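In this text, residue positions in the sequence shown follow the numbering used here: the first is 39, and each later residue adds one.
One thing to keep in mind: the hints can contain errors.
[Stated by the list, open to error] DEER-style ranges, computed between Cβ atoms:
1. N216 to N143: 35 to 45 Å
2. E111 to Y174: 22 to 32 Å
3. F146 to D207: 50 to 60 Å
4. D81 to V134: 21 to 31 Å
5. S144 to G113: 12 to 22 Å
6. N216 to A150: 13 to 23 Å
Hints are computed from structural coordinates only; laboratory data are not their basis. The structure displayed is predicted, hence computed values, not measured ones. C-beta: ideal position from N, C-alpha, C; glycine also.
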Amino acid sequence: MKSKFLIGSLLAISTASFVSTATAAEVKTGYFVGVEIGSTSFDQHITSTYGYDETVSDSGGFRAIKGGMYLAENGRGYASIGTVSIDEGSYNIYEVGYDYLWYNNSNFIPFAGAALGYESMSFDDSDLDTISGITYGVELGAQYAMNESVDFEFGYKIKFNSNDVELFDGDVTYALENESNWYLGVNYNF
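Please construct the entire structure, taking both the sequences and the accompanying hints into account.
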């Protein structure tokens, strides 16, 4: 249901973008809202007091909503709420960030930024605890301004986590480690 809502939102905003043909390469001001979909991969490091030590990679579908405002001439701040679905459960991401935008007299606007957030992973297996903690990272991407109201966006985020939990009376430690995220999105500018 959530995926259908996000895909529908992307299509609706995309269709609306063709109505206006204003020049979009101007410096943006004001507020924006957006949706993102993509793929996230991450490492799970599992150790035990019995000598087990293994890192397992996993991945899942990513979706998020975000909102923010353009700051100064070349910056934007935002807050986002996202979810990653994995085989064993899911995790929620709450994040704030800042991106620096390079305007270059075209509709293609590269950006780089940093983010700080909180993640909470829950498992379908009720014997496992919830893992939560602070996350921080960097991002590279670009916007393509369809017009002054609608931007398409793609990007790549690398994040580092402080998320770990001890299981089975401390005999096993489970840690969510580095994660990366590719995404596509669309933003509506007010």
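Hints versus structure:
One distance hint, 35 to 45 Å for the beta-carbon pair N216 and N143, holds here, with the actual separation near 36 Å. A beta carbon spacing of about 26 Å between E111 and Y174 agrees with the range 22 to 32 Å that was offered as a hint. At about 55 Å, the CB distance of F146 to D207 agrees with the hint of 50 to 60 Å. Between D81 and V134 the beta carbon distance is about 24 Å. The supplied range of 21 to 31 Å therefore holds.
Between S144 and G113 the CB atoms are about 19 Å apart, so this pair conforms to the stated range of 12 to 22 Å. For N216 and A150, the hinted distance range of 13 to 23 Å is satisfied, since their beta carbons lie about 19 Å from each other.
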